[in-house]
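Below are the chains, spelled out letter by letter.
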Amino acid sequence: MSLMPTCQSVQERATDYLEGQLGLRARLGIRLHLLLCRACHAFVDGLRHLPGFAKRALGLPSETPPGSHAALEAALRRIRAGD
Amino acid sequence: MPSPPDAEDELIARAVAGDADAFEALVKPHLGLFHHGILRILGDPMDAEDALQEALIAIHRELPRFEGRSRFSSWGYRVCLNAALMVRRSRVRVREREQREEPAIGPFDSRGHHLEAPGAVPWHVEAEAHGLAERREIRELFLQALETLPDGVRAVFVLKDLEDWDSEAIARHLGISPAAVRQRLHRARTTLQARLRDHCRGGRP
Numbered sequence: 007m008s009l010m011p012t013c014q015s016v017q018e019r020a021t022d023y024l025e026g027q028l029g030l031r032a033r034l035g036i037r038l039h040l041l042l043c044r045a046c047h048a049f050v051d052g053l054r055h056l057p058g059f060a061k062r063a064l065g066l067p068s069e070t071p072p073g074s075h076a077a078l079e080a081a082l083r084r085i086r087a088g089d
Numbered sequence: 095m096p097s098p099p100d101a102e103d104e105l106i107a108r109a110v111a112g113d114a115d116a117f118e119a120l121v122k123p124h125l126g127l128f129h130h131g132i133l134r135i136l137g138d139p140m141d142a143e144d145a146l147q148e149a150l151i152a153i154h155r156e157l158p159r160f161e162g163r164s165r166f167s168s169w170g171y172r173v174c175l176n177a178a179l180m181v182r183r184s185r186v187r188v189r190e191r192e193q194r195e196e197p198a199i200g201p202f203d204s205r206g207h208h209l210e211a212p213g214a215v216p217w218h219v220e221a222e223a224h225g226l227a228e229r230r231e232i233r234e235l236f237l238q239a240l241e242t243l244p245d246g247v248r249a250v251f252v253l254k255d256l257e258d259w260d261s262e263a264i265a266r267h268l269g270i271s272p273a274a275v276r277q278r279l280h281r282a283r284t285t286l287q288a289r290l291r292d293h294c295r296g297g298r299p
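Line by line, the protein sequences give chains S and Y.
Take the position in the first sequence, starting the count at 1, then add 6; the result is the number in this note's numbering.
Take the position in the second sequence, starting the count at 1, then add 94; the result is the number in this note's numbering.
Hint data in this document are derived by calculation from the structure and do not stem from the laboratory.
All C-beta atoms in this analysis are idealised placements derived from N, C-alpha and C, irrespective of residue type, glycine included.
Fair warning: there could be bad hints in the mix.
Simulated restraints on C-beta separations [stated by the list, open to error]: (1) GLU79/S - SER184/Y: 17 to 25 Å; (2) ALA107/Y - ARG54/S: 42 to 50 Å; (3) ARG44/S - SER184/Y: 45 to 53 Å; (4) ALA223/Y - ALA87/S: 49 to 57 Å; (5) GLY58/S - MET140/Y: 27 to 35 Å; (6) GLU104/Y - ALA76/S: 21 to 29 Å; (7) GLN238/Y - GLY58/S: 19 to 27 Å.
According to the in silico footprint, chain S covers these stretches of chain Y (three or more CB under 8 Å from chain S) [unchecked claim]: (8) 118-131; (9) 145-152; (10) 199-206; (11) 255-269; (12) 273-283.
Sequences and hints are given; from them, build the entire structure.
Listed below in structure tokens is the structure:
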């Protein structure tokens with residue numbers, strides 16, 4: 007088996023690669039591929055940046071949603087009733 | 095605004111002693127945070143409201159065992175995530191039909207090489223350059239994209255990439271293997287990346 011994986015193989019294993027779940031040979035193969043393939047480099051780099059970007063995009067909203075007050079009131083009714 | 099630590103300790107003591115008004119004052123400043131965590135896992139606002147109610151009851155029930163080793167908000171948030179996962183488990187049988195979709199990668203030729211030339215600038219570079227992460231449209235785009243993911247895939251993404259749980263803990267909570275956690279994570283990330291790539295190029299969502 008060649009050390010150099012295909013683009014498809016790199017993209018299929020990109021999360022395992024980023025999560026440090028691949029063995030040395032597979033890891034080196036992907037690293038080598040990423041040095042030579044601009045498309046896969048962008049793909050893996052994008053996946054690497056996704057969690058941080060998502061955290062910022064999906065941060066805590068400034069307003070408390072109305073449904074949460076209704077949930078609190080319902081919970082308080084149950085607590086006062088001895089639930 | 096959350097209560098100062100001393101005031102919070104007093105509210106906890108009163109709530110444990112049975113004072114429902116103290117419990118209300120204790121949790122009210124954190125309602126937005128609690129709801130936010132639950133909604134990200136469940137997606138559906140009605141389910142989130144029900145889960146939040148159950149979480150608040152659980153917080154009240156467990157409060158005597160709160161030892162103050164972490165902040166109350168962090169502890170309560172964890173209780174809320176567990177409540178959301180309980181609701182998710184109860185509805186999995188009804189709603190979740192895991193479609194065997196492939197991750198959003200490719201297209202490739204028969205030898206496994208790219209068929210399309212890459213874009214000039216990666217999506218995340220465009221997104222950062224235009225400050226898109228802070229824009230409401232991107233938040234909506236993310237929420238819609240998350241909503242299209244199967245529950246189990248969304249839950250893994252939220253717990254791993256937004257809540258920073260480790261894979262072992264996620265596997266335990268969801269009753270799946272760590273390998274399945276990574277498989278679902280890959281599917282979530284590639285799907286979300288494909289949506290972002292389409293929208294962020296050119297700096298316009």
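*asked:* Taking the earlier hints as the rules, which of them does this structure contradict?
replied: none
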